[in-house]
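One letter stands for each residue in the lines below.
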Amino acid sequence: MGMHVKFWGVRGSLPSPTGPEALVTRFRDLLHAFFDIGYSRKAEIEKFLESLPPHRLGGYGGNTLCLEVTTGAQQIIIDGGSGIRPLGYDLLKGPCGKGKGEVHILFTHFHWDHVLGLPFFTPIFIPGNTIHLYAVEPDLPDVLKTIFRKPNFPVQMEQLGAKLVYHRLPPRQPTRLGEITVTPYQLDHPDPCWGYRLEHQGKVFSHCADTECKRSNREDLGPDLPMYQGVDLMVFDAQYSIVEVVEKVDWGHAAALIGLDLAMQEGIKKVAFIHHEPASSDDKIAQAEARTREYYERQVKTSREENLGLHEVDWFFAREGMSLDV
Amino acid sequence: MDIIEDKQGAIVLLGLVGRLDSGTSPQMEEKVLGLLAGGAKQLVVNFARLDYISSAGLRVLLMAAKKLKASGGVIALCALKPHIREVFDIAGFTAMFPIHESEALALRSLTNMDAPWDARG
Ligand SMILES: [Zn+2]
Ligand SMILES: [Zn+2]
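For the protein sequence lines, the chains are A and B, in the order given. Each residue of the first sequence is one higher than the last, beginning at 1 in the working numbering. Each residue of the second sequence is one higher than the last, beginning at 1001 in the working numbering.
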């Protein structure tokens, strides 16, 4: 079995539930669409729902960053945004529910959207579980103390049921985690942020969020270039449009077009865009996805006509709950 | 990519040849910053011989426009091939730059301006 990736949270910056008003608007639109098509019977509901693009139904999801990578014998969680709460409930069905769980969480950095789910990650309260926490930056234990501290949270770090084990990862050096090899590379983000290259049975998964990707050619990327080479699946920061990236210099986020160009240049096979802007509605994210599609198709055509040698890439904007094999 | 530089009065003309992408955009950035440091205020970029532009190229152009604007200058683009123009449209860049059919029209638009950027409204 190869690596399997599940997206538990793909929203950037802040959890962004779809509000009641937006939901009412969505239900109304869908009911209109159902009858406008000419449907009228209950038996036609499933057919109708299946015909809709996913963003018109469930949307992209509002939980912040949390991904799960599994192989047959190993599980790695990347970041503890609010998406880690439902993942925690899922883990309770296994050894974690009996106090016999072993959990591995890699942190890219400690911005709120990547740690705020930890106080609601149930396995951390259950005695007998061991939670291994990994980061490149040395302040991980302090960050945990800050999260589990009165008056912001009633349970202090020392009172957590599970045993916490801290691991500091050496930058740009492989660390073996069970059957997965993890190598951190630096991304372009305020307050240091590290991407992770995960390798297993010759397949490579690359986690590139959060990043502004100011460096996008081989020379500038220098020691961090392996993050983008020989990659089967990359997740990439697509919070902004390309215009916003220039308006928000040093805010630390990129646009889908930037990740796509990098993938076409380096031959990355598949890209999942994440870290969606919290202020964007599902429609707006879907529009950005459609524009990215136009851009991609235009550049592939140009590459063929001008012999530019760009690679073709399979890509999508990730939605919460999606999962795929690497 | 080659950048061919020319001058017409106070207006600096840059002709781009080849590809403006992540590999060549640092060269363009350096060129524009150098011109700005030298006091250039009016810039015409001729795309007639540009074959390809990527997001890195778009990024450096918008950055140049912002910097020029901040120092009271102006940038105009001209002679985009249809497929490059299409990239501008998709990226939402068409509205962010004065874009002209030909170099002559771009030059005329700058020569006729009193207060270059603001006069455009
Ligand atoms: Zn973030
Ligand atoms: Zn961040």
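Be careful, since some hints might not be right.
Unchecked claim - What follows is a set of in silico ranges between Cβ atoms, one per label pair, in the way DEER data are often shown: (1) Val1017/B / Pro141/A: 16 to 24 Å; (2) Ala1070/B / Glu305/A: 18 to 26 Å; (3) Asp1089/B / Ile37/A: 40 to 48 Å.
As the list claims (entries may be wrong) - Which stretches of chain A does chain B cover? Using the computed rule of at least three CB atoms under 8 Å from a CB of chain B, they are: (4) 6–17; (5) 62–75; (6) 89–101.
To be verified - Listed next, the in silico SDA-like pairs over lysine to any residue satisfying Cα-Cα at most 25 Å (straight line): (7) Lys93/A / Trp251/A; (8) Lys1069/B / Trp251/A; (9) Lys1031/B / Val249/A; (10) Lys248/A / Ala1037/B; (11) Lys1081/B / Glu312/A; (12) Lys1067/B / Arg319/A.
Hints are computed from structural coordinates only; laboratory data are not their basis. Note that CB positions come from ideal geometry on N, CA and C, so glycine has one too.
Hint by hint, here is what the structure shows:
no. : hint                             : verdict
1   : Val1017/B / Pro141/A: 16 to 24 Å : 55 Å, violated
2   : Ala1070/B / Glu305/A: 18 to 26 Å : 37 Å, violated
3   : Asp1089/B / Ile37/A: 40 to 48 Å  : 32 Å, violated
4   : 6–17                             : violated (count 0)
5   : 62–75                            : violated (count 0)
6   : 89–101                           : violated (count 0)
7   : Lys93/A / Trp251/A               : 39 Å, violated
8   : Lys1069/B / Trp251/A             : 21 Å, holds
9   : Lys1031/B / Val249/A             : 20 Å, holds
10  : Lys248/A / Ala1037/B             : 23 Å, holds
11  : Lys1081/B / Glu312/A             : 23 Å, holds
12  : Lys1067/B / Arg319/A             : 37 Å, violated
Of the numbered hints stated above, those contradicted by the structure are hints 1, 2, 3, 4, 5, 6, 7, 12, listed in ascending order.
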